[in-house]
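Go ahead and model the full structure; you've got the sequences and the hints to work with.
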Amino acid sequence: MKELQEQVKVLEETKKNISSASKENVQCNDQVLGSNIKARILDKSVLINIHCTKQDGIVGRVLLQMEQLQLSVHDIRIMPFGSTNLEISILAEMENGCCITVQDIVKALQINILDQVQSVHE
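Numbering (full-length UniProt numbering), first residue to last: 1 to 122.
Don't read these hints as lab results, they were simulated from the structure. Just so you know, even glycine gets a beta-carbon here, dropped at the ideal spot from N, CA and C. Treat each hint with caution, since some may be false.
Straight-line C-alpha distance at most 27 Å; calculated DSSO-like pairs for lysine-lysine [as the list claims (entries may be wrong)]:
| hint | residue 1 | residue 2 |
| --- | --- | --- |
| 1 | Lys54 | Lys38 |
| 2 | Lys2 | Lys44 |
| 3 | Lys107 | Lys38 |
Per label pair, the in silico range of CB-to-CB distance [what the hints assert, rightly or not]:
| hint | residue 1 | residue 2 | range |
| --- | --- | --- | --- |
| 4 | Glu93 | Lys54 | 26 to 32 Å |
| 5 | Lys107 | Glu3 | 52 to 58 Å |
| 6 | Val10 | Arg77 | 40 to 46 Å |
Structural data, given as structure tokens:
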């Protein structure tokens with residue numbers, strides 16, 4: 001019986017630790033949400049997720065960058081995330097002869113899109 005009580009105490013403490021760790025992660029994520037770009041490539045298909053601050057013309061700049069990267073956009077979804085942020089999801093395909101890496105895509109978008117947005121807000 002005492003063993004079970006000890007196991008219950010250990011599990012309750014573990015649950016508290018996990019709960020507090022989850023809250024810390026949420027708080028950290030809220031602070032980092034200024035801008036975030038993730039990209040994945042499978043064969044010639046490219047999936048890009050951009051989280052950024054709302055800014056006039058941001059979607060046009062993203063589409064222009066896609067063209068410059070030789071990525072043909074098949075679908076784009078723009079969703080508000082809170083009152084000041086956007087979540088942009090892009091499904092694209094690499095054009096013939098295009099050989100680009102995830103790092104190239106993220107770097108180009110970071111430099112040409114999100115850095116411009118951040119400099120406007122400073």
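Verification of the supplied hints:
1. Lys54 <-> Lys38: At roughly 18 Å apart (the allowed maximum being 27 Å), Lys38 and Lys54 satisfy the hint.
2. Lys2 <-> Lys44: violated (60 Å)
3. Lys107 <-> Lys38: holds (10 Å)
4. Glu93 <-> Lys54: 26 to 32 Å: This hint holds: roughly 27 Å between Cβ atoms.
5. Lys107 <-> Glu3: 52 to 58 Å: This hint holds: roughly 55 Å between Cβ atoms.
6. Val10 <-> Arg77: 40 to 46 Å: holds (45 Å)
Hint compliance for this structure: hint 2 alone is broken.
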